[in-house]
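J.: Given next are the chains, with one letter for each unit.
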Amino acid sequence: MNDVLEFRNVVRAYVRGVPVLNGVTFSVAEGEVVGLLGRNGSGKTTLIHIAMGMLFPQGGTVRVFGLSPTERAVEVKKRIGYVAEDQVLPRTSSIAELIAFHRYLFPRWDAVLERQILDRFSLHTKSKILGLSKGQARAVALLCAVCHRPELLILDEPAAGLDPAARREFLEVAIQFLNRAGATILYSSHYMDDIERLGSRAVMLDEGKVFLDAGVDRLREEYCVVLIPARSVSDAEILTRVPGYLRARRHYGDWHTVFHGSPEAVKKLLEQSLGSNGIRCARTNLEELFVELMARNEEQETP
Amino acid sequence: MQILIRPGDELPIYRQIMSQITEALAVGRLQPGEKLPSHRELAEELVIAPLTVKKAYDELESLGFLETQRGRGTFVCSRLPKLKMADQREQIEAAARKLLSLAYMVGVDLGGVVEILRKAEDELLHGSHSAASRAAG
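Here the protein sequences line up with chains R and G, keeping their order. First residue of the first sequence? That's 23 in my numbering, and the numbers climb one at a time after it. First residue of the second sequence? That's 190 in my numbering, and the numbers climb one at a time after it.
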């Protein structure tokens, strides 16, 4: 399969010496749906801006459809659809004017999909942008992003600030688009439920690098959260030496840790290596996994 | 098709679809030979990625519950496989522990639980109506 998007050792700092991205490497194959996760400030938007050719990487390379998004900007952008949380639409235009403009730019316009989205969100083409609710405005942005049938759809926190019903409607349209066009999607989100609904793979950024890159189902089935009583861990470093170790943090009287492996196997392994029997292991949902992997340590240094 | 998806739940979404389809088969809500919605249709209905539905269908197909007829769609197999006891035993035992602790907590003893199980079996096999009318009579 061809890579639609490829980041290789991408580095970017806003303040000299303080890189937001410090060697990010991953690629997205044709037809993949990848959720980009990470805490606020982890560089998700910076990475997306680099893919869009809106920012230069200061180190490393980025290729979109095998091309440089800054050198071949027009060619690349024609094949991308983009929706961002803070996207600004021309406030005094009507929806009809905005659609006409996009239709002019993109000859491959899908009028059927346009009608579907307008109906789904009860949008009247005569309405002016400034009179729309946040959810409706985001729907118009999505319409403009998908109706030219892009090969790559990039969504930067598309659901941020929307109510749960609007979020679901937005997702419905994304899935209809996926069904019609079978495009590749990269999207960042803090809504783990949405990641599970739409995504097949999750890429987690932390400290400027890809911390975890795995299929969403694998994250659910092959990773587990383990609670270990603090008293049974004499030295936190011991944990890091147990196979499958990912993260540990102190939380009240326990170590909260994440391991790669089935709960049964990890439990056995830890009981043997720590000689403790107060260990609880469980598979968990994405939200809990994200918190356990990304939450800061309370008391002591992480091992 | 009546499937309820809960993304934050214990099981990944494709597993939720699998278990709800096998459940529907076990209680007869889905019949052998019945046609299922295409994976794209079900994806739109449940608002989840089409690949996730496909994964659930593929797994059920490899277990012998579903079959794809080219150009016609996905169907429930006319002869359903028996689940291997070994695979399911753990789940049944876990459910039994849960059931018993719940019963003890509200003061129902083992005999009472067995009675409840008999009634549940009756409902499953003969439909809830006959069980209810018998209980009334």
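To be clear, the hints were calculated from the coordinates, so they are not data collected in a lab. No experiment lies behind these values; they were computed from the predicted model shown. Be a bit skeptical, because a hint or two may be false.
Interface residues of chain G toward chain R, partial, derived using beta-carbon atoms under 10 Å [to be verified]:
1) Tyr203
2) Gly222
3) Lys224
4) Arg286
5) Leu291
6) Gly300
Derived DSBU-like pairs (lysine-lysine); straight-line CA-CA distance at most 30 Å [said to hold, decoys possible]:
7) R:Lys290 - R:Lys100
8) G:Lys224 - R:Lys289
9) G:Lys243 - G:Lys224
10) R:Lys231 - R:Lys150
11) G:Lys271 - G:Lys243
12) G:Lys224 - R:Lys290
Just so you know, even glycine gets a beta-carbon here, dropped at the ideal spot from N, CA and C.
J.: Decide, hint by hint, whether the structure agrees.
T.: Results for each hint:
no.	hint	result
1	Tyr203	holds (6 Å)
2	Gly222	violated (26 Å)
3	Lys224	violated (19 Å)
4	Arg286	violated (16 Å)
5	Leu291	violated (20 Å)
6	Gly300	violated (33 Å)
7	R:Lys290 - R:Lys100	violated (54 Å)
8	G:Lys224 - R:Lys289	violated (43 Å)
9	G:Lys243 - G:Lys224	holds (15 Å)
10	R:Lys231 - R:Lys150	violated (42 Å)
11	G:Lys271 - G:Lys243	holds (23 Å)
12	G:Lys224 - R:Lys290	violated (44 Å)
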